[in-house]
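*Asks:* Take a look at the letters that make up each chain.
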Amino acid sequence: MPDSIVILDAVAIQRALTRVAHEITERNENSAEVVLVGIPALGDHLAFRLGKILASIWNHPVPVGVLDTTMHRDDLDQRTAPTIHPTDIPFDVTGKTVVFVDDVLFTGRTTRAAMDALNDFGRPKKIQLAVLIDRGHRELPIKADFVGKNVPTALDEKISLLLTESGAVQDEVLLKKK
Amino acid sequence: MSWTKKHLLDIESLTADEIITVLDTARGFKAVGERAIKKVPALRGKTVVNLFVEPSTRTRISFELAAQRLSADIVNFSAEASSFKKGETLKDTALNLEALNADFIIIRHSASGAPHFLTRVVDAHVINAGDGAHEHPTQALLDVFTIREKKGRIAGLNVTILGDILYSRVARSDIWALTKLGAHVTLCGPSTLVPKTFEKMGCRVTHDVDEAIRDADIINLLRIQHERQRKTMFPSIGEYTQLFGLNKVRLAKTRPDALIMHPGPINRGVEIDSEIADCGRSVILEQVTNGLAVRMAVLFLVNGGKVPPDAA
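Protein chains in written order, with my numbering: chain G, 1 to 178; chain A, 1001 to 1312.
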C-alpha cells in the first residue's frame, strides 16, 4: 500500500462543495438568515468557496466570516502555543443561522472551541456544521450537519489537504500514514 | 512559527523569528481588545503575580489587564507595601509566591538580572517587566509592533532613539529588537548619556540632534531618568531641552512621515514639546494600546513554552 492515497482531487472537491451547498439550501428555507463562518487555517478558504456557490443558487450574496478558535482551545496547557489567525466577522450573528465551515472533522474539539468563541460575537439562532471530510474518532458529542466525504481512518493516519481559496487544479485531499 | 521559551527574560536571547512570532500573535490579541467582549479563556485558572519591586504604573496596569483579558487571576505585589520593607529577600518572596501556586511571575526590579535569578529559584514562568538598566523586553516588543503596524515593515527603516540611552533598559531592548529585525538604529543625546560604546551593539552614535532626526522614519524619545543618575550628567534640564528637546522647529526639518514614539511617562516641555506630543504624527497612545496586546501575546506564548530537556 502506498504512503498516501488521493481521496479527493480538485474536481471532486468542487463537486463535494456544490452538493454541500445544495444540502444547506434544502435545510434552510430562509436564505437571508444564513451566514457562513470558516475556521482557519483551511476552513476559511472553503467557506468563501461555499459562499460563492450559495450566492449563485440564492441569487444574493451570502455573508462569510472567519473565526479563530485558538484562544478557546482546551489543550493550551499541553502544547506549544498555536498560531493565532485573524478573526473577521463583518456582520452581526445574533438571530442568524451560522454555518461553521471546516476542512476536517476529527475529535470535535475545534468545533467546541468555535462554538465557545462565537458566543463573544452574539447569540445565533442556530449553528450548523459543514465539513469537507469527516474522518471519525469523535471525543465529544458533536456531529456534522453537512459532510463532503466520510473517510473512515485509523488513528495513525492523517488527512493532508492542499486547498486554495479560488479552487486551483492542484487542490487535493490525501490520506497519509503518519 | 513556534515559541518554545518558558520565560521572557530579554530580547538579546531571542531570534528574529521569535520576535516576529510575538508580533503576529499580538495582532490577534489586539483584535480581541476591539471587540464588545474583550476577554478570552486562554489562561483560565492560571495565577499571575505582578512582583513590582520597583515602582511602575503603566507597565503594571498593562500586565494586569492583559492577564485579566486572558481570564487569569492576578495578584499585585508592590515594594512599598510588602515584606521587602521587613527585610525579606527576593528569593524568599518568590518562594512564598510559588507556595501559593503562582503560574507566572512578572517582575520589575532595580537590579539587572533579577528575573534571570528568579528562574533559578522558582518553577513559574518568569516575565521581565524591566530590570535595572538592563532590559525591558515587552516595551521593545510593543515598539516594534507599533512600527511594523504603522510602516508595514521594520527592515531598512531609520530609527533614531533620542535621550537618556545610558540608563535606559528600553533603549537596550529596543536596540536588540530593531537591529535583529534589520532596522538602522541611530542613538543621540548628550555625550555623557550616549557613549560611543553603544556602537558595539550595531548602532550609529551622534550628538547632533538635527542630523540624527533628519532622515529618521521613527523618532523614539526617552525620558531623562533622574532616579538612575547618581551624578549630574548634563548642566541643566533647560539646557537639555534647548539642545535635544523635540520642538516644532526641529520637527519641521524631519521627514513628513516620520513618527514620534515615547515609552512614557512623558515630561512635557522637557524632551518633547506639548503640542508635538499631541500631534498627528505622535503614536504615543497607540503604543499603550499595543502594549496590552503584546503582553497578552507574551503570556499566551510562554504558557505553551516547554523547556527543552537539555535546558531543564
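None of these hints come from the bench; they were simulated from the model.
Cβ coordinates follow ideal geometry from the N, Cα and C atoms, glycine included.
Incorrect hints may have been included.
Label pairs and their calculated CB-CB ranges [as the list claims (entries may be wrong)]:
1. G:P152 / A:R1153: 44 to 50 Å
2. A:P1265 / G:A55: 33 to 39 Å
3. A:R1255 / G:F91: 38 to 44 Å
4. G:Q170 / A:A1252: 41 to 47 Å
5. A:K1151 / G:Q170: 32 to 38 Å
6. G:E165 / A:P1256: 36 to 42 Å
7. A:K1151 / G:A55: 34 to 40 Å
8. A:S1002 / G:K126: 35 to 41 Å
9. A:K1151 / G:A168: 50 to 56 Å
10. A:E1286 / G:E165: 30 to 36 Å
11. A:L1095 / G:G95: 49 to 55 Å
*Asks:* All the hints need checking, so say for each whether the structure fits it.
*Replies:* Do the hints match the structure? See the list:
The given range of 44 to 50 Å is respected by G:P152 and A:R1153, whose C-beta atoms sit roughly 48 Å from each other. Distance hint check for A:P1265 and G:A55: the Cβ-Cβ separation is about 53 Å, which falls outside the suggested range of 33 to 39 Å. Separation of A:R1255 from G:F91 is about 40 Å and conforms to the stated range, judged on CB atoms against 38 to 44 Å. One distance hint, 41 to 47 Å for the beta-carbon pair G:Q170 and A:A1252, is violated here, with the actual separation near 55 Å.
For A:K1151 and G:Q170, the hinted distance range of 32 to 38 Å is satisfied, since their beta carbons lie about 35 Å from each other. Taking the beta carbon of each, G:E165 and A:P1256 are about 38 Å apart, inside 36 to 42 Å as hinted. The hint said 34 to 40 Å for the Cβ distance between A:K1151 and G:A55, and at roughly 37 Å that hint holds. The hinted window of 35 to 41 Å between A:S1002 and G:K126 holds, with their beta carbons roughly 37 Å apart.
At about 33 Å, the CB distance of A:K1151 to G:A168 disagrees with the hint of 50 to 56 Å. At roughly 31 Å, the beta-carbon separation of A:E1286 and G:E165 lies within the given 30 to 36 Å, and the hint holds. Judged by the Cβ atoms, the range 49 to 55 Å given for A:L1095 and G:G95 holds: they are separated by roughly 54 Å.
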